[in-house]
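Peer 1: One-letter residues, chain by chain:
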Amino acid sequence: MNQITLNTLSTEMAEISAAYTAAGGDAAVLRKHELASLVVSGNKVLNANGTEGIVLEKHETEYGVDIKMTIKKGYKIPLPVHLCFGLVPKDGLQEIKMDFVAEEDSAVELIAHCTFPNAVNVVHKMDAQMLIGKNASLKYTETHFHGPHGGIQVIPKAHIKIEEGGRYYTNFSFVSGRVGYLEFDYSVDAGKDSICEMVTKVYGKKNDKIKILEKISLNGENARSVIKSRLAITDDAESEFRGITEGHAPRARGHVDCMEVIQGNAKAEAIPIVRVDNPLAKVTHEAAIGCVDKKEVETLMARGLEEDDAIDVIVKGMLA
Amino acid sequence: MSRDGKKILRGVNLEVGDREIHSIIGANGAGKSTLAYTLMGLQGYEHEEGSLTFDEEDITKLSISERAKKGITLAWQEPARFEGLKVRDYLAIGAKGNGGITEEELREALRKVDLKPDKYLNREVGEALSGGERKRIELASIITMKPKLAILDEPDSGIDVVSLKEIINFIQTLKENGSSLLVITHREEIAAASDKASLMCEGAILRSGDPIEISEFFKNRCIPCDSRVSPPKAV
Numbered sequence: 001m002n003q004i005t006l007n008t009l010s011t012e013m014a015e016i017s018a019a020y021t022a023a024g025g026d027a028a029v030l031r032k033h034e035l036a037s038l039v040v041s042g043n044k045v046l047n048a049n050g051t052e053g054i055v056l057e058k059h060e061t062e063y064g065v066d067i068k069m070t071i072k073k074g075y076k077i078p079l080p081v082h083l084c085f086g087l088v089p090k091d092g093l094q095e096i097k098m099d100f101v102a103e104e105d106s107a108v109e110l111i112a113h114c115t116f117p118n119a120v121n122v123v124h125k126m127d128a129q130m131l132i133g134k135n136a137s138l139k140y141t142e143t144h145f146h147g148p149h150g151g152i153q154v155i156p157k158a159h160i161k162i163e164e165g166g167r168y169y170t171n172f173s174f175v176s177g178r179v180g181y182l183e184f185d186y187s188v189d190a191g192k193d194s195i196c197e198m199v200t201k202v203y204g205k206k207n208d209k210i211k212i213l214e215k216i217s218l219n220g221e222n223a224r225s226v227i228k229s230r231l232a233i234t235d236d237a238e239s240e241f242r243g244i245t246e247g248h249a250p251r252a253r254g255h256v257d258c259m260e261v262i263q264g265n266a267k268a269e270a271i272p273i274v275r276v277d278n279p280l281a282k283v284t285h286e287a288a289i290g291c292v293d294k295k296e297v298e299t300l301m302a303r304g305l306e307e308d309d310a311i312d313v314i315v316k317g318m319l320a
Numbered sequence: 321m322s323r324d325g326k327k328i329l330r331g332v333n334l335e336v337g338d339r340e341i342h343s344i345i346g347a348n349g350a351g352k353s354t355l356a357y358t359l360m361g362l363q364g365y366e367h368e369e370g371s372l373t374f375d376e377e378d379i380t381k382l383s384i385s386e387r388a389k390k391g392i393t394l395a396w397q398e399p400a401r402f403e404g405l406k407v408r409d410y411l412a413i414g415a416k417g418n419g420g421i422t423e424e425e426l427r428e429a430l431r432k433v434d435l436k437p438d439k440y441l442n443r444e445v446g447e448a449l450s451g452g453e454r455k456r457i458e459l460a461s462i463i464t465m466k467p468k469l470a471i472l473d474e475p476d477s478g479i480d481v482v483s484l485k486e487i488i489n490f491i492q493t494l495k496e497n498g499s500s501l502l503v504i505t506h507r508e509e510i511a512a513a514s515d516k517a518s519l520m521c522e523g524a525i526l527r528s529g530d531p532i533e534i535s536e537f538f539k540n541r542c543i544p545c546d547s548r549v550s551p552p553k554a555v
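Residue numbers (the numbering used here), protein chains in the order written: chain A, 1 to 320; chain B, 321 to 555.
Please keep in mind that the hints were generated in silico from the structure rather than gathered at the bench.
Even glycine gets a Cβ: it sits at the ideal position worked out from N, Cα and C.
Check the hints yourself; a few may be wrong.
As the list claims (entries may be wrong) - Quick partial rundown of chain A residues pointing at chain B, CB under 10 angstroms, derived from the structure:
| id | residue |
| --- | --- |
| 1 | D91 |
| 2 | E296 |
| 3 | T299 |
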């Protein structure tokens, strides 16, 4: 095991640990030396633990950190790698550049918490390039918490390339606190026999604005993918969803599944787009926007819940 | 109760006694499910005339939640699916009004409907369940709620025939635990296990009484009825 702990600034570490907990993370994992972790507050790397099989390079920049993480060939990392990106002050800019490589036959799970608990005027940008090598696997879970003010712009952009037999699963969750302004833009190039599953769950409130663009190009034979989005918006929130899947190769299979629940004065738009230029490929889609299903609500009411509580249970289940 | 200008329920006069199993039988389209939905107070099934009395209290104007809190509940013929909602959480919802539920009570409720707790407690009440599994979970949710009146709409539908005895046991267990039951069914066996039965035709209760006699009447007079537009003449 190779432990590298850098720039441990106790006050900032304590603050970001508290913010990490607010985002739903267990701060204790950031102190366990047997777990790989990376903690970035603003443009400072507060903690970086690597474990065998992981090469972690980081470079602090004016407004953020450039990170290169490589999972070495053949290594199956047994425990999740924990990442924390955040900004504790109420205003500021954070720019994260991520260059991730999972080399051939490697496997890793990354759990990221992005936390901005006091955000009033904060911008968080992430620009990621990810390469999932031949027969490699990446499971990536990202959970956001932005506090109650909604004064934040979050602009994550990523391009993922999956090589032959690679597997990429991502779950982006944004369900507690305010969203603010979210512009999510992920695109995937999927190679032969690869699997890609992208799940986004967002709960928008008040005047939150949510834009989600997910695009998967099934370029290789037998490549398979699912785009699944679950959005709930209420009050005056607005959402736009574009889920694009392109089938370019024989026996490529893709599906786009978008479900949105709207309440109050919220406005939602969902456009699943399927493009196929290979006669042996097949891509399907489904999209539904509307109020919470009446039968579900009445079932829970018949068990004694008030209507608002029933809707809350249904929405939370959908976003769980 | 009418829909698109057509009367769905007409002059229904029905009484379910304390700890009584009361079956409602009748042909498709007779108004049995509509009666169940009306008693539960579902949207679109609001009554137009008459009154509903429960425990000597007029509940005609109460909402679904208010009726449920009084102890009335409904198990749908085709229960709703809930994405992301775990079976354990679903079963616990109905028990909130009784001060909550223990882990062992949750497990026992699933065992009562012949589902293995370890296999099902942490599954979602979602699309991955088969129709029969979902139906059994619906019945388990009635057990955990401990209602005063359980309205069961076709409790055996979607469940294999060999399990009919289990359904009858389930109904009798609910009764032993203090519930009254209004059971909508096509099954002669379920009707036979009831204390009383009523026959519905064209939105009206045609006759009530001994379940065997009502069943026989239904088999001999209603099933052969060609049009079922008009109720057969009483004998």
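Peer 1: All hints are to be evaluated individually against the structure, with a verdict given for each.
Peer 2: Each hint tested on the structure:
no. : hint : result
1   : D91  : violated (35 angstroms)
2   : E296 : holds (4 angstroms)
3   : T299 : holds (5 angstroms)
Checked against the numbered hints above, the structure violates only hint 1.
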